[in-house]
Amino acid sequence: MPQVDLKNIRPYGDSLDDGRVQLGFSLPIRYGPEAKEAARQLVIKMGFESVDVVSAHDLGGHFTYFVVYGKCTHSVDVTSLRAPRVQVEQMDFFKINDLVRDKLGRKITVVAACTGSDAHTVGIDAIINMKGYAGEYGLERYPWFRAHNLGAQVPNETLVAKAIDADADAILVSQVVTQKNVHIANMTRLVDLLEAEGIRDDVILIAGGPRITHELALELGYDAGFGPGTLPSHVAAYIAQEMIRKEHRTSPELGEER
Amino acid sequence: MKLDLDISTIDRCRECAGSIADQIMEHVRGVTTTTCERTVLRLLGVDGVDHAGVPLPNVVVDTAHKAGLLADGIATYIAQAVASTGLRPQQVAEKVACRQMDLAGFGPAAGDCDRSAVSDAVTASLSRIRENVAKRRDYLSQLDPGTEPLIYVIVATGNIYEDVEQAQSAAKAGADIIAVIRSTAQSLLDYVPYGATTEGYGGTYATQENFRIMRRGLDSVSVETGRYVRLVNYCSGLCMPEIAAMGALERLDMMLNDSMYGILFRDINMKRTFADQYFSRMINAYAGIIINTGEDNYLTTADAYDEAHTVLASQFINEALAHRSGLPDSQIGLGHAFETNPEMKDGFLYEVAQAQMARDIFPNAPLKYMPPTKYMTGDIFRGYLLNGMFNLAGIMTGQSIQLLGMLTEAIHTPHVHDRYLAIKNAKYVFSNARHLGEDIIFRPGGIIQRRAEQVLGDTARMLEHVRERGLMESMGEGLFAGIARTPDGGRGLDGVVARSDGYWNPFEEAMSKELGLVASVNPSRR
Chain A
14 MPQVDLKNIR PYGDSLDDGR VQLGFSLPIR YGPEAKEAAR QLVIKMGFES
64 VDVVSAHDLG GHFTYFVVYG KCTHSVDVTS LRAPRVQVEQ MDFFKINDLV
114 RDKLGRKITV VAACTGSDAH TVGIDAIINM KGYAGEYGLE RYPWFRAHNL
164 GAQVPNETLV AKAIDADADA ILVSQVVTQK NVHIANMTRL VDLLEAEGIR
214 DDVILIAGGP RITHELALEL GYDAGFGPGT LPSHVAAYIA QEMIRKEHRT
264 SPELGEER
Chain B
2 MKLDLDISTI DRCRECAGSI ADQIMEHVRG VTTTTCERTV LRLLGVDGVD
52 HAGVPLPNVV VDTAHKAGLL ADGIATYIAQ AVASTGLRPQ QVAEKVACRQ
102 MDLAGFGPAA GDCDRSAVSD AVTASLSRIR ENVAKRRDYL SQLDPGTEPL
152 IYVIVATGNI YEDVEQAQSA AKAGADIIAV IRSTAQSLLD YVPYGATTEG
202 YGGTYATQEN FRIMRRGLDS VSVETGRYVR LVNYCSGLCM PEIAAMGALE
252 RLDMMLNDSM YGILFRDINM KRTFADQYFS RMINAYAGII INTGEDNYLT
302 TADAYDEAHT VLASQFINEA LAHRSGLPDS QIGLGHAFET NPEMKDGFLY
352 EVAQAQMARD IFPNAPLKYM PPTKYMTGDI FRGYLLNGMF NLAGIMTGQS
402 IQLLGMLTEA IHTPHVHDRY LAIKNAKYVF SNARHLGEDI IFRPGGIIQR
452 RAEQVLGDTA RMLEHVRERG LMESMGEGLF AGIARTPDGG RGLDGVVARS
502 DGYWNPFEEA MSKELGLVAS VNPSRR
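Read top to bottom, the protein sequences are chains A and B. My numbering applies: residue 14 is where the first sequence begins, and numbers increase by one. My numbering applies: residue 2 is where the second sequence begins, and numbers increase by one.
These aren't lab readings, by the way, just hints derived from the structure by calculation. All C-beta atoms in this analysis are idealised placements derived from N, C-alpha and C, irrespective of residue type, glycine included.
Here chain A is said to cover these stretches of chain B; the calculated rule only asks that three of the stretch's residues, wherever they fall, bring their Cβ under 8 Å from a Cβ of chain A: (1) 173 to 185; (2) 407 to 418.
For each label pair, taking beta carbons as the anchor points, the in silico distance ranges come out as: (3) B/G490 x A/R98: 36 to 44 Å; (4) B/G458 x A/D115: 40 to 48 Å; (5) B/V134 x A/H75: 31 to 39 Å; (6) B/K425 x A/H75: 12 to 20 Å.
With the Cβ distance kept under 10 Å, some of the chain A side facing chain B (calculated, not the full set): (7) S39; (8) D71; (9) G73; (10) H75; (11) D131; (12) H133; (13) D138; (14) A139; (15) N142; (16) K144; (17) A147; (18) Q166; (19) V189; (20) P223; (21) R224; (22) P241.
Just chain A, with the same shape it has in the complex (with noise of 0.2 Å):
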């Protein structure tokens, strides 16, 4: 295989740098050949070249639905990008339950929901219940935590109480339904909560979802994003060692504060 030149990436169909993407899109113009032609059109002007359109289709009323090929001319330099990830060491439920054990000495409680209103609790459920995802357990199987699963559209004030009610280290938001954005601004709210409360810094914020990143977290305020494929045991990971790590933070002798 010819090298691979990292400063200059492309899409890869079936050899190095042909830069072949494929399209699925519709337009809301009647199928025939203008439609054909507009959707080619359309392609060029996304940056791409030699654009194909293989397939187009007819979804009554006035829409059409094609399939493109391009070649995409752009490319992205690999060794200057930045992509934030949460900083965590893999452990499993056993070794994360002995470190929190050993080096904290006490339960972590965490603090969840699904807030706004959304309702779908697929995500958090996963992480949370007892019953856990692929094969692993969720937080409440977990010995060394204290997991509260609020379950579906939580206020956010509610979140917040039950937070100091039960003096969380930890707060998970799940949000799943994210259409036209409402989970920004939810979640950017909960955020305004936690800091009029005074109790921002004393909790570790996460949020997840499938359409959150960790970058996207940070740059809401939160301490980490999970996105989807996420298991019980990566979160479990974070908490624990972030709540160490935290410890060590605000001792005197560090004198360090977030």
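Add chain B to chain A, keeping to what the hints say.
The following block gives chain B in isolation, referenced to the frame of chain A:
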């Protein structure tokens, strides 16, 4: 029966579910709720909002509730008010809303209640609903009624006019049924929003005007394509009977109506939901609307393999409660879902076992089969194949209503071409394997047959336990979906009121009579 299941075990399950439902009915017959009374007002023709935008049925019922009048039924007071003033129920409601009239002055205490004063209003509503039933029948006989499994897709733009566009596009591509998903938090609203709406999150508000707009859009595409396109919306939540009434008045064809969904998944109080589902389903029954139950939801929180028996147990309970609201089997669309972990070896066989078992046990029910959602990852290509396997299970086992999976599940609400691709997938599989189910027999003692037998056995044990403990108490144990609820917990209990001896609900009375339901323990079974 294709799976050769043990008939006596099935009978035992039905008998248990029957006793469980009868226990629930004892509670149901003793109470009314704020939304049941608002439904009576709506059916008497009360509509619109006050100066603050609050629906008039809410204004009137809230006032009456505060004054302690609901125990007699709101109709008792409205009838007397109409008899005394000569106004129509709508005008009475308007006067109550402006505090120009106090309903307390018209109660049974004020003298004999003149119920006949609202009989014209009652008759008018019931006739309108019966006309809708007739109109649906005409459409179904004049146009192509569709072939099972009927293709069910969802639109959810938040804007009803945009929804109509997308629905018409889907209908032209071959959809038989269009559901308009509601805005995410609507089930927790203790009122029904008013008028046409163009903004919602994750869906579009269920309002009577939105129902009307979509019905008109679908009627027009039905005529254009020569196929009757059915319309679905959701009763679940704090307004079950009100939304059922709106659906009856605007000729919806199917409505989501589960006896336990709100309790488990929306944390609505169980005393409230059991009362609401009873009247709500009675209206569905009267309007010829097929209900869809929500067992699929269990499998989003519980494991599809381990908890398969909870789905079947819930189907039995939903069936028993539906019969007690007067729904015939042909209107009971019991739900289940294709949610087994795709990594599981022989997972497809277990799915077939579950689906065929439901078909064998509920031969006349228009079973509703729900697609994979839990293991959809955002990899649209893998998702498209999962949906293909789901469609194969559907056609093989004779499902009636196939809610199509979207390849972009777990990413966003469906784009217009996601729906198109889903329909193409289903049509291809349904046509390509059209008679597969008729041509195969399940090997006695094989994986599929044994699995079905095991699930049925587990179900019988679970139902016996629930009968012993009572359904309300069992829900406290987290037996369904792994979610525990208590009889006095959850939202909406403050809207539950004990009925007085003189309680009157003219619609419950008339519909019960026409549906052949006598207020006794023996429900009609057709």
